[in-house]
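Here's the letter readout for the chains.
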Amino acid sequence: MDLTYTPEQQAFRAEVRSWLEAHVPKHPLEHFDATREGFEAHREWEKTLKSGDWGMVTWPKEYGGRGLDLIQWLIFEEEYYRAGAPGRVNQNGIFLLGPTLIEFGTHEQKQRFLPKMASGEEIWAQAWSEPMAGSDLAGVRATAVRDGDDYILNGHKIWSSRAVFADWAFGLFREPGSERHKGMSLVFFPLDAPGATVNAIKKINGHVGFAEIFLENVRVPAFNRLGDEGQGWHICMATAGFERGLMLRSPARYQVAAKKLATLWQANKETADPALEADVVRAHMNADAYALNIYQTASRLMAGAKIGPEASTNKIFWSELDIHLTQTALNILGPQAELTHDAPDAGAVDWIDDYIFALAGPIYAGSNEIQRNIIAERMLGLPR
Amino acid sequence: MDFTLSDEQLMFSETARTLFADSCTPDHWRKMMEAGVARDDARWASIVETGLTLVLLPEEAGGIGLGETDFALIAQEAGYVALPEPLVESAGVAAPMLAALAPDSEMLADPSATIAIQHPSNPYVANADSAAAIILHDGGEAYLVTPDQVTLTAQPSIDPFRRLFSVEWDKANATPLGKADWDLAFDRAALFNAAFGLGLAQRSVDLAVDYAKERQQFGKPIGSYQAVKHHLASAQVAIEFAKPVVAAAAAEIGARDVQARARVSHAKLVALEAADKAARASIQVHGAMGYSWEVDVHLFLKRTVALTQTWGTPSTHRARIATRIFTQPMGPDQTFAREHENA
Ligand SMILES: Cc1cc2nc3c(=O)[nH]c(=O)nc-3n(C[C@H](O)[C@H](O)[C@H](O)COP(=O)(O)OP(=O)(O)OC[C@H]3O[C@@H](n4cnc5c(N)ncnc54)[C@H](O)[C@@H]3O)c2cc1C
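Chain order of the listed sequences is A and B.
Throughout the first sequence, residue numbering follows UniProt numbering, covering 1 to 384 in sequence.
Throughout the second sequence, residue numbering follows UniProt numbering, covering 1 to 343 in sequence.
Incorrect hints may appear among the rest.
[As the list claims (entries may be wrong)] Cβ-to-Cβ under 8 angstroms is the rule here; a few derived chain A residues that face chain B:
1. A85
2. K116
3. F214
4. A272
5. L276
6. A278
7. F317
8. R378
9. G381
[To be verified] To be clear about the criterion: a stretch of chain A counts as covered by chain B if any three or more of its residues have a C-beta under 8 angstroms from a C-beta of chain B, and this derived list gives those stretches:
10. 21-33
11. 71-78
12. 148-159
13. 171-180
14. 194-202
[Unchecked claim] Straight-line Cα separation of at most 30 angstroms, BS3-like style, residue types lysine-lysine; simulated pairs:
15. A/K182 x B/K220
16. A/K47 x A/K269
17. B/K220 x A/K306
18. A/K182 x A/K47
19. B/K213 x B/K31
In case anyone wonders, no lab produced these hints; they're calculated from the structure.
Since this is a predicted model, take the numbers as computed values, not measurements.
By construction, the Cβ of each residue, glycine as well, lies at the ideal position given by its N, Cα and C atoms.
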């Protein structure tokens, strides 16, 4: 146990910091889910990041990364959020599919997909959910039928984040006639492939943040299948482990938010309810506890451990802390809580938007009810 | 940066776990409650023999000279069995204070002796009657007495294994030890009680899990019902996010700065909140059985209540975290920052 950074880690932090200071856009970009322009501006930012070799620092060098360890990744993320750098438009690619590709992909697949993912040249969407397969993902009905060296894809995917403007999707498909967890494969397809139709769906904040995808005889090479045929469920669960357990939500994100909340409190404490200070303190505690938990997980993984069902506790913790934190801000703002960022009296932080965003946390990446089931059954051993 | 425990540390806590699992079973609790006692001399002897009481004592005072991380792991195992004997206060707080003030004290020479401690933050002294000596405070100075040199008035606690006393004493009968580090005593007590709380919490969950697998209603084990599962899963989430805070607090306590104090307070708050959540979930999952004296869960609830409010109330600890937030830089690069780095 040594909770101090080595000189190398400190030097790395300084390097990240100075690069970001020189490159992070001075004005915030338009949100990537709001318009095509916002999306493309974020793609440009990804290219800038890649020009400094910061696309995905943990990946092997030969696939567009820097070959760094998870502690360095955490340091990078801390500096990234500290600098107020743009959101990662390719998060489904770099944080979810990327680590899965590294674990299950062939060398040729990694060469083909990872460098362009790291550079933002190809931006990815996750196409798992279907109208009849949400929490019960094993109920997926979309099919992949082998035809020589190709697959023919058919089906209806929904809630696919960023699919409106993205280039590629990784979807979950089954062999016709197969049931439940068997016979599924993870297959990549271009979102502009002949036979693929993408319809935007507005989120409650008005952004076209997700989409439904109709696939009609979409032909893709078998090369686009990750892992063995029928191994799709197993691979999806590994992806979900990365998503919940480590990468989807950086602790730094909440530590920055907790700091902004403390600033908001300081500015308003003469007029706000004094009892709210306890919530401000709690928000900091939660963000710090999450950071400590992730540092511990990173250390464990570096010592050879694997992510297990405890990843489900993370997902519950960060989604709940986010709601508590943003709701505390609304309580401090009082009658100004409802103002949108267009209002003349709006403050620098768009707390209402952050709050609305936070409310999705307990739903996506596997609902919190499902996570509690997983904890109860796989961590505690309660009967199904 | 490495947030993992060493093999030696894991071995030590394994030893403690085995010892407590054998010597502090539900049978032992029952017998002690029937007899109305709070100390089992045989068990304490085996704790002493294993060296658990010597962990934090410096080698000059006959100890092993290990650190807070090591002792916190032992405290956590002690919490898992709701250990009646005052291992935390005696070996984790009072004996190290005495060793710092009077390394040659004869009270340290007898390894089986327990030492009780009065602290400005607590109105009562726990386990003063069975202690070989009591450390008392007056104006920042520490004094040493034996129980027969003072008047002890029992203040019965809801916890059958906690003996609380008001102490009336006269300086004329006490040995002065000089200025003591009451802040260090407070931080250590808060930290080790946090670790103890983690153990209490996990045991409450585990007792409920065992029961929920066995107990059948509507033709199925109650543990197959989601309402039951979700109570226990939520308690487990609280435990998982208290653990790393306790570990970090133990690793950083020696820094003795505003961040280290806030971390200890954070640990105490969340570990005992987890213990409370777990104990109440456990009672609920046990139904009326959980409300009976017969089932052991109440021991974990009662110790949780006691430890939550001693060695700093929740508001005291929250205030220490507020001080850290409002006087030191915050943000993602500050997780492990020290006070002097920010000055
Ligand atoms: C903002 C956002 C972004 C998303 N992005 C993507 C994406 O990029 N790609 C993608 O594939 N999907 C995405 N999703 C979809 C997400 O994964 C699903 O919404 C989620 O899995 C839940 O499925 P559902 O919406 O069909 O709800 P349902 O499964 O119908 O659940 C409805 C409610 O019932 C509860 N419930 C269901 N089953 C159980 C059970 N067994 N026990 C207890 N409670 C239960 C749920 O917890 C929930 O509260 C996104 C969703 C949101 C909100």
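Checklist entry - Looking at the structure, which of the earlier hints fail to hold? => result Hints 1, 2, 3, 4, 5, 8, 10, 12, 13, 14, 16, 17, 18 not satisfied by this model.
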